Amino acid sequence: QQPVQSPQAVILREGEDAVINCSSSKALYSVHWYRQKHGEAPVFLMILLKGGEQKGHEKISASFNEKKQQSSLYLTASQLSYSGTYFCGTERKGFGNEKLTFGTGTRLTIIP
Amino acid sequence: DTGVSQNPRHKITKRGQNVTFRCDPISEHNRLYWYRQTLGQGPEFLTYFQNEAQLEKSRLLSDRFSAERPKGSFSTLEIQRTEQGDSAMYLCASSPSWYEQYFGPGTRLTVT
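If you read the sequences in order, they're chains A and B. Counting from 1, one number per residue, gives the positions in the first sequence under the numbering used here. Counting from 1, one number per residue, gives the positions in the second sequence under the numbering used here.
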C-alpha cells in the first residue's frame, strides 16, 4: 500500500525551513528518502530503520516514529539546490534494501 | 565511477510490439532493481535481483513483463504485446548494500 506524503507541494524562500511527512497504514521496517530533480534520476538521501539506526549522505535530518508508522524529513536553512520532488519509500519485510513502495512525492520549490 | 547506464534512453513503439530494455549496473553491485515511473508519481517497484536470482517481483511481471539478469551482471526488461498504458519511464537501480540505491537515467517508453 502506497505511503501518503504531505504536503503535496511547498514553496520556500532560500533560508527557510520545511518538513515533509510520510505516513503508512502498515507496520514498517524502514523508510527511505530520495530526491528527484526534474528530468533526472532519484538520488538517495537517507534511510531510517526500525530501532533507530539511520544512514544518510547529506546534511538533512529525519525522524521515524515506529508506533505511528510515520517519518518526517527536515530541511533547514534551505538552499536553491534543495528544489526537487522528495519521495519516501517504505519497506516492510525487514531485510534492508528490499522492495520499496514509494509515495506520490512532495514537490519543493526554493525561490531566491 | 561510471554510474548505472540504461539503453535505449528513448523508445517509441507501436501497440502490440515487443520491447526490451537493458540496464548495466555499477560494477560489483549485487542488487539490481527495476521500477516504472509515470508523470507525477513515485517509482513503482517491478522486480529485484540479488546477483542472478530474481527475489521479488510485482504482479505486473507475471504476464507481459519479464526480467532477467544472466550471470549477475547486466539486466534486461522485456515487455511483450505493449499497450498504451505501458508508456512510462522505466528506471533501473543498483545497490552494493542494504540501504542505498543508485538510479540510472531511465528509458522513456512511448507506445503509440
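To be clear, the hints were calculated from the coordinates, so they are not data collected in a lab. A portion of the hints provided could be inaccurate.
Stated by the list, open to error - Derived lysine-lysine pairs resembling PhoX-like cross-links, with alpha carbons at most 20 Å apart: (1) A:Lys93 with B:Lys57; (2) B:Lys57 with A:Lys99; (3) A:Lys37 with A:Lys59.
Computed from a predicted model, the values in this text were never measured in an experiment.
Right, here's what the structure says about each hint:
The straight-line distance between the Cα atoms of A:Lys93 and B:Lys57 is roughly 14 Å, inside the 20 Å bound, and the hint therefore holds. About 9 Å separates the Cα atoms of B:Lys57 and A:Lys99, which keeps this hinted pair within 20 Å; it holds. Under the criterion of a C-alpha separation no larger than 20 Å, the hint pairing A:Lys37 with A:Lys59 is consistent with the structure, at around 18 Å.
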